[in-house]
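Residue numbers for the sequence shown follow this note's numbering, beginning at 64 and rising by one.
Incorrect hints may appear among the rest.
With a Cα cut of at most 25 Å, we get these calculated SDA-like pairs of lysine to any residue [to be verified]:
| id | residue 1 | residue 2 |
| --- | --- | --- |
| 1 | Lys219 | Glu165 |
| 2 | Lys238 | Glu165 |
| 3 | Lys161 | Glu353 |
| 4 | Lys344 | Lys219 |
| 5 | Lys287 | Val267 |
For the record, the hints were derived by calculation from the structure and aren't laboratory data.
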Amino acid sequence: MWQLRSSVRHYDWGDDSIIPELLGLEADGRPWAELWMGAHPDEPSLLPDGRGLDAAVAADPEGLLGEPVRRRFGDRLPFLMKVLAAGSPLSLQAHPTKAQAEAGFAAEEEAGVPREDPTRTYKDANHKPEILCALTPVEALCGFRPVEESLHCLAKLQLPELKPTIAALARGGLKVAVPQLLALSGRRRQSLVAAVADRAAASVAANDPEFINTYRWAARLAEKYPGDPGVVISLMCNHLTLQPGEAVFLPAGNLHAYLAGSGVELMANSDNVLRGGLTPKHIDLAALVEVLDFTDGKVPVLRPVLGPGGLRYPVPIDDFDLTRVQLDGQPGELTTPGPQILLCVEQTAVLAAGGEQVTLQPGGAAFVPAGETLHVSGPAVLFRATTALL
64 MWQLRSSVRH
74 YDWGDDSIIP
84 ELLGLEADGR
94 PWAELWMGAH
104 PDEPSLLPDG
114 RGLDAAVAAD
124 PEGLLGEPVR
134 RRFGDRLPFL
144 MKVLAAGSPL
154 SLQAHPTKAQ
164 AEAGFAAEEE
174 AGVPREDPTR
184 TYKDANHKPE
194 ILCALTPVEA
204 LCGFRPVEES
214 LHCLAKLQLP
224 ELKPTIAALA
234 RGGLKVAVPQ
244 LLALSGRRRQ
254 SLVAAVADRA
264 AASVAANDPE
274 FINTYRWAAR
284 LAEKYPGDPG
294 VVISLMCNHL
304 TLQPGEAVFL
314 PAGNLHAYLA
324 GSGVELMANS
334 DNVLRGGLTP
344 KHIDLAALVE
354 VLDFTDGKVP
364 VLRPVLGPGG
374 LRYPVPIDDF
384 DLTRVQLDGQ
394 PGELTTPGPQ
404 ILLCVEQTAV
414 LAAGGEQVTL
424 QPGGAAFVPA
434 GETLHVSGPA
444 VLFRATTALL
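Can you make the complete structure from the sequences, with help from the hints?
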């Protein structure tokens, strides 16, 4: 078992206080967007001896991952854990399937695009389904709302500029309407987004409750990203609010954007993000449309079920498994056949495994090798990441 030194990503959309407060640090004015815990080669957690967790896994995959995990996922940790803190909206984005990631990564490698190139789309060859469990209230756009609901949301604004979009959606569905919006350019795009923003703001000002959160966010997004067609596409997305302890699972192809709030994220071990708007970063519209899942419908809020060690958030894949562990001061055991990462988010936890003892304060994390007996104690709240394979 090792205590981990997590890495921080200071993306522009990050909140300036949530992660520093979690870590017991003074805010320094910078945005603290993500705290990474895992073995992704771009940003591995560091061990006490200075090695990256990725290097440790590569040196002893059998001992750290266990044979079943190696057989299923190869010699790499299959999951990546993060704390995400959004002070402003993230980009409108989706993630690829495994096959899409393998093909896209291979194509960019063959083309000689440097992996650190900001215009590169595929950073690795893995898929990136993910779950986010809210630590504070979280607002997000998640997947496409039912088409009939989208038609009503668009028509309610009574804008002639939206008639082509409404017609495309009614005639050809999301597969026609969304790429058509993404392809808009020039004056037509600017005037459409401006008209939508103005009418959405007017609806909010009139205190019309129908679609009020959707319209409020459309107006805010247009203020931050004027002329961005993602503003219009946001009207066709489910608007989701998570309370602390609630979670959402986002499969490959799901168009989404976290708008505000913080949570614990667990995902397949990948950093592949295909952006479609609401960002100053590189946008690859053709690649995004290729991976998008245009299925419409409500996105369910995940509520945990009681499982071994705590409250488990079931997901339909085996790359990762997330459990919220509430320690009441009594000693307990959190042994699992696979590798695990423990993250403390409240109070203090003492972990003992393999002859080592680690004390975790909020924001602290530890890696426990496969099959190692883990004893825990202390009044604390932990999140445990492992694989659902076992």
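Non-conforming hints, listed in increasing numerical order: The structure breaks hints 1 and 4; every other hint is satisfied.
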